[in-house]
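Protein chains: 2
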Amino acid sequence: MDLHSLRGAFAGRLLTGAGETAAFLTDWRRKWTGRCIAVAQPDRTEDVAAVLRWCAEHRIPVVPQGGNTGLSGGSTPDASGQTLVLSLTRLNRVRAVDPVNNTIEAEAGVTLKQVQDAALEAGRLFPLSLAAEGTCTIGGNLATNAGGVQVLRYGNARELCLGLEVVTAEGEIWSGLRGLRKDNTGYDLRDLFIGSEGTLGVITAAVLKLFPRPAAQVAAFVAVPSPAEAVELLQLAQRRLASSLTAFELIGDPCIGLVEKHVASARRPLTDRSPWYVLLEVSDATGEEHAAATAEGLLEAALSQELATDAAISTSLAQFNALWALREDISESQGAEGSSIKHDISLPISRIAEFIAGTDAAIAQAFPSVRMVVFGHLGDGNLHYNVSPPVGRTGPEHAAEFVALEGPMNRLVHDAVVERGGSICAEHGLGVLRRDESARYKSEVELKLMRKLKAAFDPLNLMNPAKVLP
Amino acid sequence: MDLHSLRGAFAGRLLTGAGETAAFLTDWRRKWTGRCIAVAQPDRTEDVAAVLRWCAEHRIPVVPQGGNTGLSGGSTPDASGQTLVLSLTRLNRVRAVDPVNNTIEAEAGVTLKQVQDAALEAGRLFPLSLAAEGTCTIGGNLATNAGGVQVLRYGNARELCLGLEVVTAEGEIWSGLRGLRKDNTGYDLRDLFIGSEGTLGVITAAVLKLFPRPAAQVAAFVAVPSPAEAVELLQLAQRRLASSLTAFELIGDPCIGLVEKHVASARRPLTDRSPWYVLLEVSDATGEEHAAATAEGLLEAALSQELATDAAISTSLAQFNALWALREDISESQGAEGSSIKHDISLPISRIAEFIAGTDAAIAQAFPSVRMVVFGHLGDGNLHYNVSPPVGRTGPEHAAEFVALEGPMNRLVHDAVVERGGSICAEHGLGVLRRDESARYKSEVELKLMRKLKAAFDPLNLMNPAKVLP
Numbered sequence: 001m002d003l004h005s006l007r008g009a010f011a012g013r014l015l016t017g018a019g020e021t022a023a024f025l026t027d028w029r030r031k032w033t034g035r036c037i038a039v040a041q042p043d044r045t046e047d048v049a050a051v052l053r054w055c056a057e058h059r060i061p062v063v064p065q066g067g068n069t070g071l072s073g074g075s076t077p078d079a080s081g082q083t084l085v086l087s088l089t090r091l092n093r094v095r096a097v098d099p100v101n102n103t104i105e106a107e108a109g110v111t112l113k114q115v116q117d118a119a120l121e122a123g124r125l126f127p128l129s130l131a132a133e134g135t136c137t138i139g140g141n142l143a144t145n146a147g148g149v150q151v152l153r154y155g156n157a158r159e160l161c162l163g164l165e166v167v168t169a170e171g172e173i174w175s176g177l178r179g180l181r182k183d184n185t186g187y188d189l190r191d192l193f194i195g196s197e198g199t200l201g202v203i204t205a206a207v208l209k210l211f212p213r214p215a216a217q218v219a220a221f222v223a224v225p226s227p228a229e230a231v232e233l234l235q236l237a238q239r240r241l242a243s244s245l246t247a248f249e250l251i252g253d254p255c256i257g258l259v260e261k262h263v264a265s266a267r268r269p270l271t272d273r274s275p276w277y278v279l280l281e282v283s284d285a286t287g288e289e290h291a292a293a294t295a296e297g298l299l300e301a302a303l304s305q306e307l308a309t310d311a312a313i314s315t316s317l318a319q320f321n322a323l324w325a326l327r328e329d330i331s332e333s334q335g336a337e338g339s340s341i342k343h344d345i346s347l348p349i350s351r352i353a354e355f356i357a358g359t360d361a362a363i364a365q366a367f368p369s370v371r372m373v374v375f376g377h378l379g380d381g382n383l384h385y386n387v388s389p390p391v392g393r394t395g396p397e398h399a400a401e402f403v404a405l406e407g408p409m410n411r412l413v414h415d416a417v418v419e420r421g422g423s424i425c426a427e428h429g430l431g432v433l434r435r436d437e438s439a440r441y442k443s444e445v446e447l448k449l450m451r452k453l454k455a456a457f458d459p460l461n462l463m464n465p466a467k468v469l470p
Numbered sequence: 001m002d003l004h005s006l007r008g009a010f011a012g013r014l015l016t017g018a019g020e021t022a023a024f025l026t027d028w029r030r031k032w033t034g035r036c037i038a039v040a041q042p043d044r045t046e047d048v049a050a051v052l053r054w055c056a057e058h059r060i061p062v063v064p065q066g067g068n069t070g071l072s073g074g075s076t077p078d079a080s081g082q083t084l085v086l087s088l089t090r091l092n093r094v095r096a097v098d099p100v101n102n103t104i105e106a107e108a109g110v111t112l113k114q115v116q117d118a119a120l121e122a123g124r125l126f127p128l129s130l131a132a133e134g135t136c137t138i139g140g141n142l143a144t145n146a147g148g149v150q151v152l153r154y155g156n157a158r159e160l161c162l163g164l165e166v167v168t169a170e171g172e173i174w175s176g177l178r179g180l181r182k183d184n185t186g187y188d189l190r191d192l193f194i195g196s197e198g199t200l201g202v203i204t205a206a207v208l209k210l211f212p213r214p215a216a217q218v219a220a221f222v223a224v225p226s227p228a229e230a231v232e233l234l235q236l237a238q239r240r241l242a243s244s245l246t247a248f249e250l251i252g253d254p255c256i257g258l259v260e261k262h263v264a265s266a267r268r269p270l271t272d273r274s275p276w277y278v279l280l281e282v283s284d285a286t287g288e289e290h291a292a293a294t295a296e297g298l299l300e301a302a303l304s305q306e307l308a309t310d311a312a313i314s315t316s317l318a319q320f321n322a323l324w325a326l327r328e329d330i331s332e333s334q335g336a337e338g339s340s341i342k343h344d345i346s347l348p349i350s351r352i353a354e355f356i357a358g359t360d361a362a363i364a365q366a367f368p369s370v371r372m373v374v375f376g377h378l379g380d381g382n383l384h385y386n387v388s389p390p391v392g393r394t395g396p397e398h399a400a401e402f403v404a405l406e407g408p409m410n411r412l413v414h415d416a417v418v419e420r421g422g423s424i425c426a427e428h429g430l431g432v433l434r435r436d437e438s439a440r441y442k443s444e445v446e447l448k449l450m451r452k453l454k455a456a457f458d459p460l461n462l463m464n465p466a467k468v469l470p
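Quick note, the sequences are listed as chains A and U, same order. Taking the numbering used here, I'd label the letters of the first sequence as residues 1 to 470. Taking the numbering used here, I'd label the letters of the second sequence as residues 1 to 470.
Since the hints were made in silico from the structure, they are not lab data. Take the hints with a grain of salt, since some may be wrong.
Where chains are identical, the list cannot tell them apart; a pair therefore holds if satisfied intra-copy or between any two copies.
[Claimed, not checked] With a Cα cut of at most 20 angstroms, we get these calculated EDC-like pairs of lysine to aspartate or glutamate:
| no. | residue 1 | residue 2 |
| --- | --- | --- |
| 1 | K448 | E46 |
| 2 | K342 | D98 |
| 3 | K442 | E172 |
| 4 | K113 | D98 |
| 5 | K261 | E337 |
| 6 | K31 | E419 |
| 7 | K452 | D436 |
| 8 | K342 | E419 |
| 9 | K261 | E332 |
| 10 | K452 | E170 |
| 11 | K261 | D272 |
| 12 | K442 | E170 |
| 13 | K448 | E172 |
| 14 | K448 | E170 |
| 15 | K31 | E105 |
| 16 | K442 | E419 |
These numbers come from a predicted model, not from an experiment.
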């Protein structure tokens with residue numbers, strides 16, 4: 001491939017050496033590794049457009065990439081070595097913050113943490129929050145419609161976005177950077193590009209919603225007998241707190257056991273063990289006292305209605321952070337326990353308790369001795385319904401035997417999810433990981449409509465090919 | 001046209017007589033009247049599909065219609081007499097309410113009021129609320145992405161919808177009726193159909209979000225010196241109340257004057273007149289007392305910061321309703337004052353005060369003596385920036401001279417809106433009213449992308465042709 005013409009076509013970096021490109025070719029879980037003709041890192045939106053025009057002209061497939069922290073392989077090139085990786089990390093300016101309009105305009109390569117910080121500096125909150133926030137980019141968050149722990153109150157990345165700037169497959173710039181809460185002037189291009197994982201065009205900038213910062217926050221760690229009581233507690237909390245309830249996480253006891261084992265600083269906040277816990281968060285506009293009183297009132301009611309058996313409420317920022325750390329350290333602690341088989345699923349909340357009971361039992365029967373590591377955003381109906389190898393079989397020498405279970409276990413879990421009207425991909429994107437599995441469950445009509453969109457926006461099939469759609 | 005084959009193709013009513021079809025051929029403002037070959041009222045989704053297959057086979061254009069209450073002519077057929085009106089009003093079942101999942105599934109022809117009532121019966125709130133709610137249908141609300149007075153807290157129709165059932169132009173049924181807060185399994189077809197005004201397919205059912213009912217609500221009517229203070233008051237209210245602030249309406253004094261004149265029961269709640277007012281609503285999860293204290297605390301702060309000069313707070317449901325009536329009666333009172341020229345616009349909230357000042361002055365200069373009737377959803381950046389004829393020139397004999405101003409006045413206002421990054425169609429849909437004007441302001445790239453979508457989903461151009469896109 002003649003890269004000379006590409007090098008001259010845009011301002012920015014063009015990486016071609018194996019040492020330079022390696023970091024862009026493997027996802028951070030090290031599940032997928034590909035090859036590429038080069039990595040282009042354009043400086044500005046106009047340069048992204050120039051790169052895409054060059055790709056269209058030379059029929060070179062493009063793999064857009066943000067922080068490369070995705071969990072579904074959506075930003076890794078394939079093994080052909082014929083694709084160009086388009087890294088957006090040099091588009092890294094916060095273009096504007098408007099605290100009166102409660103909006104921020106940021107380029108695609110700005111990290112999520114930088115967006116949060118810019119909001120904070122303006123006395124505002126940007127509520128999207130997830131484990132990779134120091135590295136993941138807002139462009140990647142939008143391309144995959146990222147979720148996280150505050151969706152219950154503030155919505156997914158989709159709901160937090162008011163406007164987009166996108167470069168099309170033809171290399172044209174669509175400037176839809178509107179900072180408006182209401183705009184009904186045509187088809188919703190914004191939401192079409194959001195969640196399309198770079199297969200319809202490349203997001204280069206966005207206008208995002210900001211919110212007032214809460215005056216106080218309190219976390220509560222609540223022991224509950226089972227997921228059924230956790231769902232009832234959610235109803236009670238929503239009725240009493242409305243949108244002051246900003247997080248509602250379900251955590252199985254084995255998760256806490258893993259965190260205790262692998263994180264030296266971790267402490268159980270309650271004396272007695274319970275099979276399940278809820279971690280909930282109250283964000284209050286009035287102040288500390290009102291936040292604490294609200295949480296205490298809720299938990300008293302929960303204890304008296306036997307929805308909870310015990311509870312601890314944070315009374316300092318340190319305690320608040322320690323409670324959240326128990327939740328946030330689960331993934332890494334599970335990682336320390338050998339391979340894991342993960343399911344990022346969502347269900348109608350009314351079906352979750354019975355799903356967990358039924359599917360736990362089916363897995364125990366089909367795959368004896370595996371360990372369930374179940375936690376997630378119950379308030380959104382989203383579970384990370386994960387599985388670890390049996391005790392004593394966590395070493396690398398057992399990895400192959402466990403990994404062999406992944407296909408049949410995925411099938412069992414996903415069948416159970418779809419039967420109950422759920423989704424097999426709640427917040428992580430399809431990428432390549434769930435592409436075929438998702439297509440298996442979709443109707444022919446839906447696949448046909450998706451293919452029409454792909455053909456209309458990317459007729460040469462150059463935009464992140466073979467992602468999202470088989 | 002041989003309607004015999006159509007009559008046999010589906011279950012439902014087929015209206016052909018002039019007396020039967022007349023009500024479907026004129027919009028409720030009586031601004032547009034068209035003709036049709038017939039009005040089809042299918043009974044079920046399968047029958048909608050059968051009608052659309054018949055239309056595709058016979059190349060007959062289709063105008064989908066809900067409650068026929070739209071303000072932009074989106075559901076009126078053209079004058080050709082060659083189109084079929086597809087009325088969805090017989091798809092009128094609430095299919096399911098799931099209070100634990102906080103969802104309701106309703107067919108397209110269910111009125112907004114019926115959806116609200118079904119939610120209420122289940123102890124839940126469906127917050128979409130607008131003047132036509134007794135007649136407009138949820139299908140129409142979604143097709144036009146309707147807004148209303150609670151958008152500040154709960155979002156537009158788009159944000160209230162989790163899943164859709166749609167019949168495509170080919171007459172196939174896409175069942176995307178998911179009741180999930182998180183689902184990233186492919187392109188966002190739902191949001192593409194929402195707001196597309198029946199030009200890409202026909203919405204036949206939806207899964208909608210429900211919310212806990214607030215324990216108490218309080219309304220406050222606040223005198224403010226100018227829109228600039230109203231915007232500052234909005235900031236203050238959002239900081240103190242967060243999402244307990246469920247409505248924030250700006251009302252110019254002339255609006256209240258018109259309501260006083262034309263509505264016998266209307267009473268000004270404040271002794272002294274002020275050039276501008278804010279009507280705000282507090283929805284509280286705790287109770288009456290806390291709601292009142294919250295509102296009082298806010299207004300005390302506003303008075304002491306000189307953002308407000310006077311205020312009244314509702315202390316009973318009757319007072320709450322009376323304050324809201326002042327807002328809701330503006331449109332009809334303006335109607336009683338002769339023709340009106342309306343602008344349904346939105347702006348970044350940070351630009352609104354300066355927009356009103358500058359545009360009021362420009363209109364006063366270009367069109368002396370006309371009367372500004374300005375009100376709207378300031379919390380969403382959405383104004384109904386309306387104009388009435390000069391005093392003494394409101395009779396029908398003056399109508400033509402005022403209507404002649406519509407084009408140039410639209411242009412002046414819309415130019416001012418677009419210059420400031422606003423939208424010329426905030427919550428009413430493009431229909432035919434704003435179709436050409438909207439295209440005038442859009443970039444070629446955006447129009448091209450919209451045309452690609454239209455061609456992909458409706459290659460025969462039979463779905464509500466000549467609406468939305470010129």
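Hint by hint, here is what the structure shows:
1. In this assembly of identical chains, the alpha carbons of K448 and E46 lie at most 20 angstroms apart only when taken from different copies (19 angstroms versus 33 angstroms within one copy).
2. With identical chains, the CA atoms of K342 and D98 are never at most 20 angstroms apart, being 40 angstroms at best within one copy and 28 angstroms at best between copies.
3. For a Cα distance limit of 20 angstroms, the shortest separation of K442 from E172 across copies, 15 angstroms, qualifies, whereas the shortest one inside one copy, 32 angstroms, does not.
4. Taking CA atoms no more than 20 angstroms apart as the test, K113 paired with D98 passes inside one copy only; the shortest distance there is 18 angstroms, against 37 angstroms between copies.
5. Taking identical chains as interchangeable, the C-alpha atoms of K261 and E337 lie at most 20 angstroms apart only when both belong to the same chain, with a minimum of 10 angstroms there against 75 angstroms between chains.
6. In this homomeric assembly, K31 and E419 never come within 20 angstroms of each other (Cα to Cα): the closest approach is 29 angstroms inside a single copy and 49 angstroms across copies.
7. In the homo-oligomer, the alpha carbons of K452 and D436 lie at most 20 angstroms apart inside one protomer (18 angstroms), although the nearest pairing across protomers, at 27 angstroms, exceeds that limit.
8. Only within a single protomer do K342 and E419 lie at most 20 angstroms apart by alpha-carbon distance; the minimum there is 19 angstroms, versus 49 angstroms between protomers.
9. With identical chains, the CA atoms of K261 and E332 are at most 20 angstroms apart within one copy only, with a shortest distance of 11 angstroms there and 68 angstroms across copies.
10. Proximity of K452 to E170 under the C-alpha cut-off of 20 angstroms is found in both arrangements, the shortest distances being 17 angstroms within a copy and 13 angstroms between copies.
11. Taking the closest pair of Cα atoms, K261 and D272 come within 20 angstroms of each other only inside a single copy of the chain (17 angstroms); across copies the shortest separation is 69 angstroms, beyond that limit.
12. In this assembly of identical chains, K442 and E170 lie within 20 angstroms of each other by CA distance solely across copies; the values are 19 angstroms between and 29 angstroms within a copy.
13. In this assembly of identical chains, K448 and E172 lie within 20 angstroms of each other by CA distance solely across copies; the values are 11 angstroms between and 26 angstroms within a copy.
14. Proximity of K448 and E170 under a CA criterion of 20 angstroms is satisfied inter-copy only: 12 angstroms between copies versus 23 angstroms inside one chain copy.
15. Taking the shortest alpha-carbon separations for K31 and E105, neither the intra-copy value of 33 angstroms nor the inter-copy value of 40 angstroms comes in at or below 20 angstroms.
16. Within a single copy, K442 and E419 get their C-alpha atoms as close as 12 angstroms, which meets the 20 angstroms cut-off; across copies the closest is 44 angstroms, which misses it.
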